[in-house]
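K.L.:
Sequence:
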Amino acid sequence: MQQDPNPRPATGYPYPYPPQQPYASANGYPPNAGTAYPYQNQNPYYAPEPNSRAILLRRLFIAFLVLLLILGLILFILMLVLRPQYPDVYINSLSVSNFNVSNNQLTGKWDLQLQFRNPNSKMSLQYDAVILNLYYGGSSLSDTRLQPFDQGTKDQTPVNGTLSVAGTYIDGRLANSIGQDRAAKGSIEFDLRIYSLVTFRNGVYRRRRYITSYCDDVAVGVPASRGSGDMIGPSKRCRSY
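Under full-length UniProt numbering, the residue at position 101 of the sequence shown is numbered 101, and the numbers go up by one with no gaps.
Quick caveat, the hints were computed from the structure, so don't treat them as lab data. Zero decoy hints are in this set.
List of simulated lysine to any residue pairs, SDA-like, C-alpha gap at most 20 Å:
| # | residue 1 | residue 2 |
| --- | --- | --- |
| 1 | 122 | 83 |
| 2 | 236 | 136 |
| 3 | 154 | 238 |
| 4 | 154 | 203 |
| 5 | 154 | 207 |
| 6 | 236 | 159 |
| 7 | 154 | 206 |
| 8 | 109 | 191 |
| 9 | 236 | 162 |
| 10 | 154 | 201 |
| 11 | 154 | 128 |
| 12 | 122 | 207 |
| 13 | 109 | 142 |
| 14 | 122 | 205 |
What follows is a list of derived Cβ distance ranges for each label pair:
| # | residue 1 | residue 2 | range |
| --- | --- | --- | --- |
| 15 | 140 | 60 | 47 to 53 Å |
| 16 | 133 | 233 | 20 to 26 Å |
| 17 | 183 | 138 | 17 to 23 Å |
| 18 | 51 | 119 | 52 to 58 Å |
| 19 | 158 | 56 | 58 to 64 Å |
| 20 | 158 | 179 | 30 to 36 Å |
| 21 | 95 | 239 | 18 to 24 Å |
For every residue, glycine included, the Cβ atom is placed at its ideal position computed from N, Cα and C.
Whole structure, please, built from the sequences with the hints as guidance.
P.N.:
Here's what the structure looks like:
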């Protein structure tokens with residue numbers, strides 16, 4: 001059989017093209033050959049790994065805050081359950097002896113009895129300090145400190161106290177006011193302030209509070225002709241805050 005002198009590729013098959021040669025520079029080498037660098041991360045937002053010590057401190061701080069919240073919640077629940085109430089304070093008696101005002105000098109001795117009542121049915125009270133201060137017309141005349149004592153639930157405790165002054169200077173206006181009261185009414189109205197540092201207790205629960213009790217306008221019969229007298233009327237309840 002005679003062969004075709006100009007053979008053609010069969011229909012349906014691509015014509016085989018020669019492989020494309022890579023671009024070469026004038027010296028026969030690819031451009032930038034030998035000048036490539038390893039890959040570098042240029043991300044400006046890249047952050048290093050956090051310090052393990054900082055993580056530990058942050059976790060400890062969070063745990064401390066959680067503990068404080070739990071303790072605060074427990075304390076709040078205890079307050080709702082126990083409902084601590086301030087003690088009731090009464091002045092049962094107040095007498096004065098050796099009372100004299102002359103030449104703006106005051107002398108006198110006051111004996112009194114107070115009654116402290118614990119209204120709480122679930123909490124005992126501890127009086128760490130009780131300070132008495134006697135006033136007249138807004139001016140302090142004398143003060144004293146009582147011995148600390150404890151009270152059980154619903155207990156009532158009588159406490160005696162004594163205040164005294166001897167030749168203490170007072171303002172002329174105050175001396176005149178005392179003399180006018182004795183001449184007009186035959187009595188003098190004193191004010192008593194009771195400053196107490198009280199601890200409320202129930203099991204392991206402890207809460208300390210400063211409480212001030214006001215016993216105002218306590219009338220004592222001291223006519224101008226005598227230097228002694230007693231409280232007028234029955235026992236009187238003081239206001240506590």
